[in-house]
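Undergrad: Below, each chain spelled out in residue letters.
2 protein chains.
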Amino acid sequence: MGLDVQTRSSDPDGGPIGVFDSGIGGLTVVAALRRLLPNESIFYVGDTARVPYGGKSKTTIERYSTEISKLLLAENAKMLVVACNTSSALALTYLRDQFSVPVLGVIQPGAAAAIAVSRNKRIGVIGTRATIASKAYDQAIQAMCAEAQVFSRACPLLVPLIEEGMFRDEVTDLTLQRYLESLLQKDIDTLVLGCTHYPLLREAIARVVGAKVTLVDSAQNCALAVQDALLKKKKINQRADGNLRVALTDATEGFLRVAEKVLGLDIRNVELLGVRES
Amino acid sequence: MGLDVQTRSSDPDGGPIGVFDSGIGGLTVVAALRRLLPNESIFYVGDTARVPYGGKSKTTIERYSTEISKLLLAENAKMLVVACNTSSALALTYLRDQFSVPVLGVIQPGAAAAIAVSRNKRIGVIGTRATIASKAYDQAIQAMCAEAQVFSRACPLLVPLIEEGMFRDEVTDLTLQRYLESLLQKDIDTLVLGCTHYPLLREAIARVVGAKVTLVDSAQNCALAVQDALLKKKKINQRADGNLRVALTDATEGFLRVAEKVLGLDIRNVELLGVRES
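Protein sequence lines correspond, in order, to chains F and Y.
For what it's worth, the numbering used here labels the leading residue of the first sequence as 5, then goes sequentially.
For what it's worth, the numbering used here labels the leading residue of the second sequence as 5, then goes sequentially.
Extracted from the complex, chain F is given alone in its bound form (with noise of 0.2 Å):
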């Protein structure tokens, strides 16, 4: 038994999934990979100290997704994800940069599955203000399909409609009206929900929406892409069921509750993390 305790720790594959965020929303990115690879253990960050990024530089956003991604390495992460859209627009190259680990983020995944689900290739994405800034959308969708025409907009206070638990509200749909008017007006038949806290908003999208256009949401992809990196790389954990630890840099769980019971996770003790500047 010492032995097997010996061999998992100093064994590279035995570590968790880090995945992060700059808050709570990454949690939908978590739940997936719960529901796909539940033998893998996860160890989930969120900035909540620094939360939102959405509307920051790309300068800050670089500085404070390498400090978090210090806190997942420090724990033996094999793998980190970058849970948060804003992050990973305007960061994953320079964390790739720094890192050895394999680092994923949620555009490429989200921008392949729009890509396949498209019929008639026009696109539409929402995000964060500095996401749809960064066209790091427009970039992924179009080197992988050239032909395709993608429509963006930022939708800022969906964030916080999230955040206040409205997902069945009057002033929540007449938001996401005043959002979408324009994205549907360019006849686009998939909307690619490029912020990870969108997936909590799911239904109210779809009933804005209507049925003629898919929703692409970039959790579930991401936990695919996660699966077959771990795959080629011989990284899946075979042996025992994973567990979920979350940890936060703020002490204020803000909405982790509500994200916890929509979606379906068992989250015990929130650790709280003191991030220091790089």
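It cannot be assumed that every hint is accurate.
As the list makes no split between identical chains, a pair holds if one copy fits it or if it spans any two.
As the list claims (entries may be wrong) - List of simulated lysine-lysine pairs, DSBU-like, C-alpha gap at most 35 Å:
| hint | residue 1 | residue 2 |
| --- | --- | --- |
| 1 | LYS237 | LYS216 |
| 2 | LYS190 | LYS139 |
| 3 | LYS238 | LYS190 |
| 4 | LYS216 | LYS139 |
| 5 | LYS74 | LYS62 |
| 6 | LYS216 | LYS238 |
| 7 | LYS216 | LYS239 |
| 8 | LYS139 | LYS265 |
| 9 | LYS265 | LYS216 |
| 10 | LYS236 | LYS190 |
| 11 | LYS237 | LYS190 |
| 12 | LYS236 | LYS265 |
| 13 | LYS62 | LYS265 |
Hints listed in this document are in silico derivations from the structure and should not be mistaken for laboratory results.
Start from chain F and add chain Y according to the hints.
TA: This is chain Y only, laid out in the frame that chain F set:
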């Protein structure tokens, strides 16, 4: 002339008034100060790298407030004005314990003004989640007027709506109706705008509450308290037209230009200041 410069820079009364907020909202206090005390120079720091404070914990708000105060004191600020209700509610005592210059917040002046204008002593207060949870207004109002009744409501969507410039908008009106309905049912005759963002939404709030409710603006009353404190300490600047310097901790200006226009401020170069953990 050399002597004049020497005199000014070594004169403690010659330093600027240091004003800070978690972001841009505190510029409402700056605008009130510029009108009331045009001879005073103001150095304003908005902590846009970590905005908003309103959903974060007391410990984190105390730490951030200390770090930003140190940036102001490094520029020889003769007084600290905490132009952020959340920070005033949670970190004012903590700041006063650390620094020797006068530290003024927005809660006390707002509470005093509310008592002065209320006839029935039924006072409503709106603010961020952290401000309302702290009960700082309740305590300040009841310490000055034991028979006053305070009815408060956290309005976390208002800051994002203001930052989107949605001052005249159906979504904003609907949100305000939702938030204010329960306060209006309590027969309040006074409503404290307990967040430095909110004066930017004064007209929409006035439409919803109607003419029977007087709005108390924390910005204007804070400026009066600053004037009073400067007079008492004989630190009023008598000599020259004051100037306004604005610095942010993140390069993203957010809604700075919207606020500048609405408030009639003249903000030229915006400096970028790094902030280090204390």
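Undergrad: All the hints need checking, so say for each whether the structure fits it.
TA: Structure-based check of all given hints:
For a Cα distance limit of 35 Å, the shortest separation of LYS237 from LYS216 qualifies neither inside one copy, at 38 Å, nor across copies, at 69 Å. In this assembly of identical chains, LYS190 and LYS139 lie within 35 Å of each other by CA distance solely inside one copy; the values are 18 Å within and 48 Å between copies. Within a single copy, LYS238 and LYS190 get their C-alpha atoms no closer than 43 Å, and across copies no closer than 64 Å, so neither meets the 35 Å cut-off. For a Cα distance limit of 35 Å, the shortest separation of LYS216 from LYS139 inside one copy, 25 Å, qualifies, whereas the shortest one across copies, 49 Å, does not.
Taking CA atoms no more than 35 Å apart as the test, LYS74 paired with LYS62 passes in both settings, with 18 Å inside one copy and 25 Å between copies. When the C-alpha separation of LYS216 and LYS238 is checked against a cutoff of 35 Å, the pair qualifies neither within a copy, at 39 Å, nor between copies, at 70 Å. Taking identical chains as interchangeable, the C-alpha atoms of LYS216 and LYS239 are never at most 35 Å apart, the minima being 39 Å within one chain and 67 Å between chains. Taking the closest pair of Cα atoms, LYS139 and LYS265 come within 35 Å of each other both inside a single copy (33 Å) and across two copies (29 Å).
Within a single copy, LYS265 and LYS216 get their C-alpha atoms as close as 29 Å, which meets the 35 Å cut-off; across copies the closest is 42 Å, which misses it. In this assembly of identical chains, LYS236 and LYS190 lie within 35 Å of each other by CA distance neither inside one copy nor across copies; the values are 39 Å within and 63 Å between. For the identical chains of this complex, LYS237 and LYS190 are neighbours neither inside a copy (41 Å) nor across copies (63 Å), given an alpha-carbon limit of 35 Å. When the C-alpha separation of LYS236 and LYS265 is checked against a cutoff of 35 Å, the pair qualifies only within one copy, where the shortest distance is 33 Å, while the shortest distance between copies is 55 Å.
Proximity of LYS62 to LYS265 under the C-alpha cut-off of 35 Å is found in both arrangements, the shortest distances being 33 Å within a copy and 26 Å between copies.
Hints 1, 3, 6, 7, 10 and 11 from the list above are not met by this structure, while the remaining hints are.
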